[in-house]
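The whole structure should be built from the sequences, with the hints applied where relevant.
The residues making up each chain are set out below.
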Amino acid sequence: MDFNTLLLESRFSIDNIQAMDLWAQGLFVVVVGLIGVFLVLLLFFVTIIVMQKIVEASDLRKAKKAGDSESAS
Amino acid sequence: MFEVLKEIFSGINFFSYGDNWKALIMYVIGGILIYLAIKKGYEPTLLLPIGFGAILVNLPLSIAGEPTTVAGVLDKAADSGFLKILFDAGIATELFPILIFVAIGAMIDFTPLFKNPYMIFFGAAAQFGIFVTFFVTLMILPLLGIDNIYALKLASAIGIIGAADGPTTLFVANHFSLTEYLGPISVAAYSYMSLVPIIQPPVIKALTSKKERLIRMDYHEEPVSKTIKILFPILVTIIAGIIVPMSVPLVGSLMFGNLIRECGVLESLSQTAQHELANLITLLLGITIGATMVADKFINPVTGLILLLGLFAFIFDTAGGVLFAKFLNLFLKRKINPMIGAAGISAFPMSARVVQKMAKDEDPTNFILMQAISANVAGQLGSIVAGGLVIALIDMLVK
Numbered sequence: 001m002d003f004n005t006l007l008l009e010s011r012f013s014i015d016n017i018q019a020m021d022l023w024a025q026g027l028f029v030v031v032v033g034l035i036g037v038f039l040v041l042l043l044f045f046v047t048i049i050v051m052q053k054i055v056e057a058s059d060l061r062k063a064k065k066a067g068d069s070e071s072a073s
Numbered sequence: 001m002f003e004v005l006k007e008i009f010s011g012i013n014f015f016s017y018g019d020n021w022k023a024l025i026m027y028v029i030g031g032i033l034i035y036l037a038i039k040k041g042y043e044p045t046l047l048l049p050i051g052f053g054a055i056l057v058n059l060p061l062s063i064a065g066e067p068t069t070v071a072g073v074l075d076k077a078a079d080s081g082f083l084k085i086l087f088d089a090g091i092a093t094e095l096f097p098i099l100i101f102v103a104i105g106a107m108i109d110f111t112p113l114f115k116n117p118y119m120i121f122f123g124a125a126a127q128f129g130i131f132v133t134f135f136v137t138l139m140i141l142p143l144l145g146i147d148n149i150y151a152l153k154l155a156s157a158i159g160i161i162g163a164a165d166g167p168t169t170l171f172v173a174n175h176f177s178l179t180e181y182l183g184p185i186s187v188a189a190y191s192y193m194s195l196v197p198i199i200q201p202p203v204i205k206a207l208t209s210k211k212e213r214l215i216r217m218d219y220h221e222e223p224v225s226k227t228i229k230i231l232f233p234i235l236v237t238i239i240a241g242i243i244v245p246m247s248v249p250l251v252g253s254l255m256f257g258n259l260i261r262e263c264g265v266l267e268s269l270s271q272t273a274q275h276e277l278a279n280l281i282t283l284l285l286g287i288t289i290g291a292t293m294v295a296d297k298f299i300n301p302v303t304g305l306i307l308l309l310g311l312f313a314f315i316f317d318t319a320g321g322v323l324f325a326k327f328l329n330l331f332l333k334r335k336i337n338p339m340i341g342a343a344g345i346s347a348f349p350m351s352a353r354v355v356q357k358m359a360k361d362e363d364p365t366n367f368i369l370m371q372a373i374s375a376n377v378a379g380q381l382g383s384i385v386a387g388g389l390v391i392a393l394i395d396m397l398v399k
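As you go down the protein sequences, you meet chains A and B in turn. For the record, in the first sequence the residue sitting at position 33 is 33 according to this note's numbering, with numbers rising by one throughout. For the record, in the second sequence the residue sitting at position 300 is 300 according to this note's numbering, with numbers rising by one throughout.
Some clues are possibly wrong.
[Claimed, not checked] The list that follows gives simulated cross-link-like pairs (lysine-lysine, DSBU-like), each with its CA atoms no further than 35 angstroms apart:
#1 B:K357 - A:K64
#2 B:K229 - A:K62
#3 B:K399 - B:K229
#4 A:K53 - B:K39
#5 B:K229 - B:K115
[Stated by the list, open to error] Computed footprint of chain A on chain B, listed as stretches where at least three residues anywhere in the stretch have a Cβ under 8 angstroms from a Cβ of chain A:
#6 149-157
#7 162-173
#8 392-399
[Stated by the list, open to error] Far from chain A by the CB rule (all over 10 angstroms, computed), these chain B residues:
#9 Y27
#10 T45
#11 F52
#12 L95
#13 I98
#14 S177
#15 K210
#16 S225
#17 C263
#18 L266
#19 T282
#20 N329
Think of the hints as simulated: they come from the structure by calculation, not from any bench. Even glycine gets a Cβ: it sits at the ideal position worked out from N, Cα and C.
Spelled out as structure tokens, the structure:
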């Protein structure tokens, strides 16, 4: 099966992909693989940023509490 | 009398059988690997055991009148040879690469990455060579008479060599049962890892101008919370496990090692993983890989092709990282030194050191080591994820 036909007709079933020419299967692995690596590492990136924000906010809250208790005493 | 002597010294007779003369070539190859390890210092912990294993497995032994290899691993092997036992226990079960990752995880400090989180994308960009080489190899292998399904499997293992990540390469090759080519694939992966200081600089220089190599980058020495260091390995394992389940053995073991390091209550285990475990598994892994280099399997045109395409993959991985940095510079106000991109491969920390050395050669006051290390640890993650994705995709295609 032709790769363009697959794209145009949006018939990305496993059977159709397995029926593709070898070069088209190779291209499929290249495109999906590269996008996949970027997406997974993007998720790791988001994880780091979110963790940093949460820890920053938590530290700020603790510092504020400490400041409040100091001024109260 | 002659018959008795012939039986006792059957080893000498060994070389006259069929293609057994090829064993002599393997002694030379083993000798070269040992020479490179001792004299040139290229990854001696691996190349020396591999070289010795290659010699050992090609020594003759007569069993029931049929000369075969002493402690072989493959089909001609003596069933109970110690190298075969090691192979079955550590490589065939994928145990050695996984244990090595526990050790590597305990050695890696992700702090520089937490300070430069955007560097993680270089770990993805530098996997470019894996996929380019996969495609090129896939087009070549059928011309050598290799069927499509085997070509998909072999091309994926050859592509992964480019990540300069020995354990992942071994894991992928073993997953696809490429026992026949395990020797050349592993030798290529580990040799190119050790040749980072020779292979990367010319590629980086060819793709960057002097002005680009002089770019300075800011680095802020801020402390990173211990909570982040502990949560990161746990969350990464969960995310990778959900998105790319095939990468779990590698990511899980790497992150387990890192959690032991960062938790702060298992110092003794962390030290053991970094030293004793790493040394022991490296030793066994090396000699077992060497034992896959049986002459009649190793000396064939496909071996040459694997070594050549492995180098091609490695060069394109380096180029992918550098070109990605140059691409980002088109949009960024504060430019990135594009050499950093080359450190996105998995060879840790050699690649980062090479990049820093090149920066220092251009300007002795330029310090980009920490950024390079950030990209380098990201490359470790990127190559594992790429390995897991390749396994998942090829498994789906050949099902």
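Inset, instruction - Taking the shortest Cβ-to-Cβ distance between B:N329 and chain A, state whether it exceeds 10 angstroms. - result: Its Cβ never comes within 10 angstroms of chain A, the nearest being 18 angstroms, so this holds.
Legend entry - chain A versus B:C263 - minimum CB to CB distance exceeding 10 angstroms, so not interface: holds, 16 angstroms
Legend entry - Separation of B:S225 from chain A, once the least beta-carbon distance is taken, above 10 angstroms: violated, 4 angstroms
Inset, instruction - Mind verifying the non-interface call on B:K210? Its CB should be farther than 10 angstroms from each CB in chain A. - result: holds, 30 angstroms
Inset, instruction - Taking the shortest Cβ-to-Cβ distance between B:F52 and chain A, state whether it exceeds 10 angstroms. - result: holds, 36 angstroms
Inset, instruction - Against chain A, does B:T282 hold up as non-interface, every C-beta pair farther apart than 10 angstroms? - result: Correct as stated: the minimum Cβ-Cβ distance to chain A is 27 angstroms, above 10 angstroms.
Legend entry - Closest CB of chain A to the CB of B:Y27 still more than 10 angstroms away: Consistent with the label, B:Y27 stays out of reach of chain A, its closest Cβ about 38 angstroms off (over 10 angstroms).
Inset, instruction - Taking the shortest Cβ-to-Cβ distance between B:L266 and chain A, state whether it exceeds 10 angstroms. - result: holds, 21 angstroms
Legend entry - Check on B:S177 being off the interface with chain A, judged by Cβ distance over 10 angstroms: holds, 19 angstroms
Inset, instruction - Would you check the hint for B:K357 and A:K64, treating anything up to 35 angstroms between C-alpha atoms as holding? - result: Since the Cα atoms of B:K357 and A:K64 sit roughly 45 angstroms apart, the hinted pair is violated (cutoff 35 angstroms).
Inset, instruction - Go check the segment 392-399 of chain B versus chain A for me, would you? Three or more residues, Cβ under 8 angstroms, otherwise it fails. - result: The restraint on the segment 392-399 of chain B holds, since 5 of its residues have a Cβ under 8 angstroms from chain A and three suffice.
Legend entry - Non-interface claim for B:T45, where every Cβ of chain A lies beyond 10 angstroms: Consistent with the label, B:T45 stays out of reach of chain A, its closest Cβ about 29 angstroms off (over 10 angstroms).
Checked against the numbered hints given earlier, the structure breaks hints 1, 3, 4, 7, 16 and satisfies all the rest.
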